[in-house]
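Which chain is which? The protein sequence lines are A and B, in order. Residue numbers are given in full-length UniProt numbering: position 244 of the first sequence equals residue 244, and the series is strictly consecutive. Residue numbers are given in full-length UniProt numbering: position 33 of the second sequence equals residue 33, and the series is strictly consecutive.
It is possible that some hints are incorrect.
[As the list claims (entries may be wrong)] Subject to a maximum C-alpha distance of 16 Å in a straight line, what follows is the list of computed EDC-like cross-link-like pairs (lysine to aspartate or glutamate):
1. A:Lys86 / B:Glu151
2. A:Lys86 / B:Asp150
3. A:Lys60 / B:Glu154
4. A:Lys189 / A:Asp206
The hints are simulated quantities; they were obtained by calculation from the structure and are not laboratory data. All values reported here derive from a predicted model rather than from experimental measurement.
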Amino acid sequence: MGNVIDLTRVCQTFVSSDGSPVTALQDVDLGLRKHEFVSLIGPSGCGKSTVLRLIAGLLKPTAGTVSIFDRPVTEPRDEIGVVFQKPTLLPWLNVLDNITFPMRHKYGHVDAKDTERAQALLSTIGLADFGRKRPGELSGGMQQRVAIARSLLHDPDILLMDEPFSALDALTRDEMSFELLRIWSERPKTVVFVTHSIQEAILLSDRIVVMSARPGRVAEIIDVPLPRPRSLATLSDPVFTALANDIRVKVFTRKPE
Amino acid sequence: MGTLKHYADRFAPLLAFVGVLLAWEAACRLFAIPAFVLPAPSAVIASTTEIGAGRWVQHLLATVQIALIGYLVAILLALPLAVMITHSRLLSRTLLPWLIIIQSTPIVAIAPIIVVTLGAGMLPRVVITTLIAFFPLVIATATGLASVPDELLELSRSLRASRSREYWQIRMPYAVPHIFSALKVAITLAVIGAVVAEFVAAEVGLGYLILFATSTFKVPMAFAALTLLVACSLLLYGVIVLAQRLLCPWSLGKEAGQ
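So that you can see chain A by itself, here it is in the shape it has in the complex:
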């Protein structure tokens, strides 16, 4: 099929606290191409994060298949890097050790090459001089940048991001979006980006997957025809504004089916 990630008729059912089954996802079909930046957007409870966790191999689909490079996902795989909503750095390690933590956690040791790569990543995220600082000494935006660097350490083909900027203030958010685009253009990857922000989705993505809730389904997949590289000027592009209105209507008027 040539896709990097394929979801085929994926259903996910959870058992709620009162024992009754809840359908989180129903018949989700989705294919992601190489080095494509795709955002998942939709109301709360539409299963965006569930899709992410299925691709990450942290959940097994109730029905259907999730494949990466045409191989079904049965457990977490090395091709993937994950960035969560909160930075989840370890407060007792300095920034550099936090970035190399996945190696120490997985293999029990960190070699010189890992440290070298971590230092290079620190430069990439503009925190070259912060390697010896503790996470507590960094701002929220800086911490999230470190978390992104941590997810990039093993140079994964796929980057999964679960509302990574939602805990940041509006100004830092915009800054981080451009930062992410710059990193992504330097190290192209297939990115799945879950967000609540329509503007963020348009600014970053090649395609936007609009999802509907209860049960979670793919309502529509929208191409973003804005040229790259994108900049502050992109935000005032008439195409951007029109697309934002279009998606807002789709997200808000879609009734549960």
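Take the given structure of chain A and dock chain B to it, following the hints.
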């Protein structure tokens, strides 16, 4: 004005302490309160010469020894228990009721029984001390181990790391601030445990000394032993605070780190 305020701020606690002592001394002399009701601070100090310095050290060391051994045993018991409780729901459901029963048993009530069962000597004293000190350690450590953010556990799972690394590299360090809070509570409890044990069966120790002194109406000496006990408890507490500052400075709150 500025410097005056600065000095007031700095020396207020000390001045208050000295003030209370002076008021106490004055009250005892002014109202001629008998020493067996409330001895004056000067009488307490004078009473320390009734037995030799060597005897004081002997009593002090006996109590500190029991408190520390009981404390260490409590730590060695509490940490694995906490891991077991967080590791498995079944173990948690099985063990927790027992822990709560042990905690709910008044230590003063069970102390004589333990002495009868285990005989006189160091063992029952250590057991009593351990019993009173270990519960807060288990609960705090278990709370700490479970306080790890879900996302960090997902990160661990996404790396396919082993459960033992999850515990050693994520859960245990996360529990450190909780463990230190409990260590501070437990050290003062251990001193209490040692004294309770000495009340029941001992021929040496500050608890024994208080019992002995009061039974012969040497109340000033009991006060002197009590003062030494409080000082000892505070000192041990300070050692734990210092250990946390030196070993795990990141675990202190923001304001404490300044």
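Right, here's what the structure says about each hint:
1. Simply put, Lys86 (chain A) and Glu151 (chain B) have alpha-carbon atoms about 8 Å apart, close enough for the 16 Å limit, and the pair holds.
2. Of the pairs offered as hints, the one joining Lys86 (chain A) and Asp150 (chain B) holds, with about 11 Å between alpha carbons and a cut-off of 16 Å not exceeded.
3. About 14 Å separates the Cα atoms of Lys60 (chain A) and Glu154 (chain B), which keeps this hinted pair within 16 Å; it holds.
4. Restraint check for Lys189 (chain A) and Asp206 (chain A): the C-alpha separation of about 12 Å stays at or below 16 Å, so the hint holds.
The structure meets every hint from the earlier list without exception.
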